[in-house]
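So you can see what is in the structure, the chains are spelled out below.
Protein chains: 2
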Amino acid sequence: MKTKAIFYHAGCPVCVAAEQNVANAIDPAKYDVEVVHLGKDKSRLKEAESAGVKSVPAIVLDGTAFHINFGAAITDLK
Amino acid sequence: MKTKAIFYHAGCPVCVAAEQNVANAIDPAKYDVEVVHLGKDKSRLKEAESAGVKSVPAIVLDGTAFHINFGAAITDLK
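These protein sequences, in sequence, are chains A and B. Read in this note's numbering, the first sequence has 74 at position 72, and its numbers run on one by one without any break. Read in this note's numbering, the second sequence has 44 at position 42, and its numbers run on one by one without any break.
Since the hints were derived computationally from the structure, they do not count as laboratory data. Some hints could be false.
Where chains are identical, the list cannot tell them apart; a pair therefore holds if satisfied intra-copy or between any two copies.
[Stated by the list, open to error] Result set (PhoX-like, lysine-lysine): computed pairs, CA atoms no more than 25 Å apart in a straight line:
id	residue 1	residue 2
1	Lys4	Lys80
2	Lys4	Lys32
3	Lys32	Lys6
4	Lys42	Lys32
Taking the hints into account, I'd like the entire structure generated from these sequences.
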């Protein structure tokens, strides 16, 4: 059964590298990957914070937030 | 063509969570995932550092190091 993976970013260089490598490496047989630009889509900030996202880029897999390197703090995107 | 992905960890709780989620989410059609325990296999430390790994857990995809959350600094594993 496929579950949802959400990749949160803010367009920063660190985010782009993570998207091109990590987000694209996710197994499409296991996950539907959604990419959310928190700088542009601020309505998703609350949901990201609820999942435990503290900085971008980050990927939420099965409800757990994994921060990938460090691009920007989520508090700087508000 | 498959390339190699190397997941470096040190057995810490943060590492285990990252392995179960992120490493297992990697598309096996794109990558051969190798899991390296740097606490046990210190001979791999140099190679990990050369790839830019500064802390574990981390995954190296196409030669680029992506640090996932923070378990331990690589300098603490020596």
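Taking the hints in turn, this is what the structure says about them:
Taking the shortest alpha-carbon separations for Lys4 and Lys80, neither the intra-copy value of 31 Å nor the inter-copy value of 39 Å comes in at or below 25 Å. For a Cα distance limit of 25 Å, the shortest separation of Lys4 from Lys32 qualifies both inside one copy, at 5 Å, and across copies, at 18 Å. For the homomeric pair Lys32 and Lys6, the shortest alpha-carbon distances inside one copy (9 Å) and between copies (19 Å) are both at most 25 Å. In the homo-oligomer, the alpha carbons of Lys42 and Lys32 never lie at most 25 Å apart, since the shortest distance is 27 Å inside one protomer and 30 Å across protomers.
Violated hints for the displayed structure, listed by number in ascending order: 1 and 4.
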